[in-house]
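Participant: Take the sequences, apply the hints, and build the full model.
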Amino acid sequence: MIKLLVRKVTAHNVRLRRRSWNMGTDIAYLFGCAFLVVLMKDRIFCDATRTQGEGEPVGGEARGGGDGFRRGEPAPPYPQNPNPVPQQPAACAQTVQPAQQFLPSWLPVNNIHVGGASQTNCSALEELVAKVTRQNELSERILSELENIPKSQRAVCENHSMASKSLPRDCSEVLLSGATGSGRYIIYPQDNGDPFYAYCDTETDGGGWTVIQRREDGSVSFYREWNDYKHGFGNVNSEHWLGNDKIHRLSAQTYYVLRIELEDFQGDRKYAEYDYFRIGDEDTGYKLLLGTYQGDAEDSLSFHGNKKFYTLDRDTDQECAMNSKGAWWYGSCFESNLNGMYKGRPRPAGSQNIVWAGWKGYETALKKTQMKIRPASYHSSQPTGG
Numbered sequence: 001m002i003k004l005l006v007r008k009v010t011a012h013n014v015r016l017r018r019r020s021w022n023m024g025t026d027i028a029y030l031f032g033c034a035f036l037v038v039l040m041k042d043r044i045f046c047d048a049t050r051t052q053g054e055g056e057p058v059g060g061e062a063r064g065g066g067d068g069f070r071r072g073e074p075a076p077p078y079p080q081n082p083n084p085v086p087q088q089p090a091a092c093a094q095t096v097q098p099a100q101q102f103l104p105s106w107l108p109v110n111n112i113h114v115g116g117a118s119q120t121n122c123s124a125l126e127e128l129v130a131k132v133t134r135q136n137e138l139s140e141r142i143l144s145e146l147e148n149i150p151k152s153q154r155a156v157c158e159n160h161s162m163a164s165k166s167l168p169r170d171c172s173e174v175l176l177s178g179a180t181g182s183g184r185y186i187i188y189p190q191d192n193g194d195p196f197y198a199y200c201d202t203e204t205d206g207g208g209w210t211v212i213q214r215r216e217d218g219s220v221s222f223y224r225e226w227n228d229y230k231h232g233f234g235n236v237n238s239e240h241w242l243g244n245d246k247i248h249r250l251s252a253q254t255y256y257v258l259r260i261e262l263e264d265f266q267g268d269r270k271y272a273e274y275d276y277f278r279i280g281d282e283d284t285g286y287k288l289l290l291g292t293y294q295g296d297a298e299d300s301l302s303f304h305g306n307k308k309f310y311t312l313d314r315d316t317d318q319e320c321a322m323n324s325k326g327a328w329w330y331g332s333c334f335e336s337n338l339n340g341m342y343k344g345r346p347r348p349a350g351s352q353n354i355v356w357a358g359w360k361g362y363e364t365a366l367k368k369t370q371m372k373i374r375p376a377s378y379h380s381s382q383p384t385g386g
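Just so you know, the UniProt record's numbering puts 227 at position 227 of the sequence shown, and the rest follows in order with no gaps.
In case anyone wonders, no lab produced these hints; they're calculated from the structure.
These numbers were taken from a predicted model, which means no experiment stands behind them.
Ideal placement from N, C-alpha and C gives every residue a C-beta, glycine not left out.
A portion of the hints provided could be inaccurate.
[Said to hold, decoys possible] Below, a list of computed lysine-lysine pairs in the DSS-like style, where the Cα atoms sit at most 25 Å apart:
no.	residue 1	residue 2
1	Lys325	Lys287
2	Lys368	Lys343
3	Lys308	Lys230
4	Lys325	Lys368
5	Lys270	Lys325
6	Lys230	Lys307
7	Lys325	Lys343
8	Lys325	Lys307
9	Lys307	Lys287
10	Lys287	Lys308
11	Lys270	Lys343
[Said to hold, decoys possible] Beta-carbon label-pair distances, calculated as ranges:
no.	residue 1	residue 2	range
12	Glu363	Ser221	17 to 23 Å
13	Thr254	Asn227	26 to 32 Å
14	Pro348	Gly193	38 to 44 Å
15	Gln318	Asn227	52 to 58 Å
16	Gln190	Leu289	17 to 23 Å
17	Glu225	Arg345	24 to 30 Å
18	Ala376	Leu143	44 to 50 Å
Facilitator: Dropping the structure here:
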């Protein structure tokens, strides 16, 4: 960026020097014009120099006003005076028109009076020259300071610019950048918001998965209010909800695939995948958008597509969040409830547990769950499977 700024300032300086040269020529021309006006003052403004008696001014200015004679008319005779002032010929009363044809239209020649009483034009020209000089000096000083920036500092800025373009936007880019093991990594969504930590699965089905939810031992309560789900809670290395704001930022970057992994208390495992996943921002209620299902767990999430997210303090009319002791994209009410209460046994009473109805029904709790996303463009090197 600094190089670009140097090039811009250099180009501006060159243009400024060219304009300064042209302006200098114009200024010389204007000085010449002003000098011509002064030399011709007796001819141009002679009507303003008529005197009566002992030098008392009589009549109007060169513009022809007041009590003076009209333009184009001979001067009227004057009374006799002991010390008469020599009379100018009648042709002298033609005002400034002959001289103005040689001058720029904006040059205020009427401010130059006989005897140099007013130097308005000269002052204006001098001020213009001073401004051009100051601007040129400032431009050269800025250019000099930019050129004197140590090369080491330039390198730091350039490296920072390059690094900002290569920071991982999600776990797929963490893996592509050389990470070799699953674990906690910092990611930088492209919206220029704050970076955050997420758990990256670099192994399942070719890796590159960003985990957004994990249940495994009941160490973290998921029966929480809106703000907790908005910002996220838990520990990304174990049980957690990444946070609806973060999930929105991630899923808004590109097309993502959602993978849900389920495990019961007997150790059996199933999975469900959806070829498109995204949630809206808070203004939409974090509305869930889903694509086509595939997997072996039966589809128990499409029912929740286009639904808003609900918590115990922002519930549906049917109070689904309160009745199921969870938080989810409830309709009326659910076919899955992966943020339900962790009961620690396969058959707790009621349906307030972790539910995936398509596999185990409403009365059988699940032991472990994971929800993870990966760009649809990420090419797996392993076959899809549970």
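Participant: With reference to the structure, classify each hint as holding or not holding.
Facilitator: Evaluation of the provided hints:
| no. | hint | verdict |
| --- | --- | --- |
| 1 | Lys325 <-> Lys287 | holds (20 Å) |
| 2 | Lys368 <-> Lys343 | holds (11 Å) |
| 3 | Lys308 <-> Lys230 | holds (13 Å) |
| 4 | Lys325 <-> Lys368 | holds (17 Å) |
| 5 | Lys270 <-> Lys325 | holds (24 Å) |
| 6 | Lys230 <-> Lys307 | holds (16 Å) |
| 7 | Lys325 <-> Lys343 | holds (11 Å) |
| 8 | Lys325 <-> Lys307 | holds (18 Å) |
| 9 | Lys307 <-> Lys287 | holds (5 Å) |
| 10 | Lys287 <-> Lys308 | holds (4 Å) |
| 11 | Lys270 <-> Lys343 | holds (20 Å) |
| 12 | Glu363 <-> Ser221: 17 to 23 Å | holds (22 Å) |
| 13 | Thr254 <-> Asn227: 26 to 32 Å | holds (28 Å) |
| 14 | Pro348 <-> Gly193: 38 to 44 Å | holds (39 Å) |
| 15 | Gln318 <-> Asn227: 52 to 58 Å | violated (23 Å) |
| 16 | Gln190 <-> Leu289: 17 to 23 Å | holds (19 Å) |
| 17 | Glu225 <-> Arg345: 24 to 30 Å | holds (27 Å) |
| 18 | Ala376 <-> Leu143: 44 to 50 Å | holds (49 Å) |
Violated hint for the displayed structure: number 15, the only one.
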